[in-house]
Amino acid sequence: RSLASRLGQNATSEDPVLHAAAKSEKDGDYAAAERLLRFLHSSKPKDSEAQIALARVLWRQSRLAEAEQLLETVSESAKNWQVALLEAKVAISSKKWEKAQGSLLLSRQLRSGLRATELLLTYVQEQIAEEKAVNMPKDL
Numbered sequence: 001r002s003l004a005s006r007l008g009q010n011a012t013s014e015d016p017v018l019h020a021a022a023k024s025e026k027d028g029d030y031a032a033a034e035r036l037l038r039f040l041h042s043s044k045p046k047d048s049e050a051q052i053a054l055a056r057v058l059w060r061q062s063r064l065a066e067a068e069q070l071l072e073t074v075s076e077s078a079k080n081w082q083v084a085l086l087e088a089k090v091a092i093s094s095k096k097w098e099k100a101q102g103s104l105l106l107s108r109q110l111r112s113g114l115r116a117t118e119l120l121l122t123y124v125q126e127q128i129a130e131e132k133a134v135n136m137p138k139d140l
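Here the working numbering is used: position 110 in the sequence shown is 110, and no number is missing along the way.
Check before you lean on any hint, since a few could be wrong.
[Claimed, not checked] Below, computed lysine to any residue pairings styled on SDA-like, alpha-carbon distance capped at 25 Å: (1) Lys132 with Gly113; (2) Lys23 with Leu64; (3) Lys99 with Ser112; (4) Lys138 with Glu126; (5) Lys46 with Gln61.
Source of the hints: derived by calculation from the structure; they are not laboratory data.
Small disclaimer: the values here were computed from a predicted structure and weren't measured.
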């Protein structure tokens, strides 16, 4: 029997390793998800889905520099609103407000009306305004 059939998948469903990694991530076992995704990424380095999933797992583990670096290697054709939103979350976690704003604006452009994007964009814009106010020279 194939690995896919042992995992209860039919031949047309997603990669069994990716499926197992998604289950581990959902269960909160980020170390297991990372191991599976690193294996998948090493065997299929151009697989954008595996890259994005690995970046998300790294972000969940607060490994922000690694997540950001990996997201930078995702092909432009694979970048959708979800990737833009993940890029924004990584940037927010790193307090890179301008980068987060750019990613959120892209996410909003690619999929308008998403409440999470609007809420995060409001938060990021408040952070940018606060940072500018703090850095503004004081009149003597």
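Here is how each hint holds up against the structure:
{"no.": "1", "hint": "Lys132 with Gly113", "result": "28 Å, violated"}
{"no.": "2", "hint": "Lys23 with Leu64", "result": "22 Å, holds"}
{"no.": "3", "hint": "Lys99 with Ser112", "result": "19 Å, holds"}
{"no.": "4", "hint": "Lys138 with Glu126", "result": "20 Å, holds"}
{"no.": "5", "hint": "Lys46 with Gln61", "result": "23 Å, holds"}
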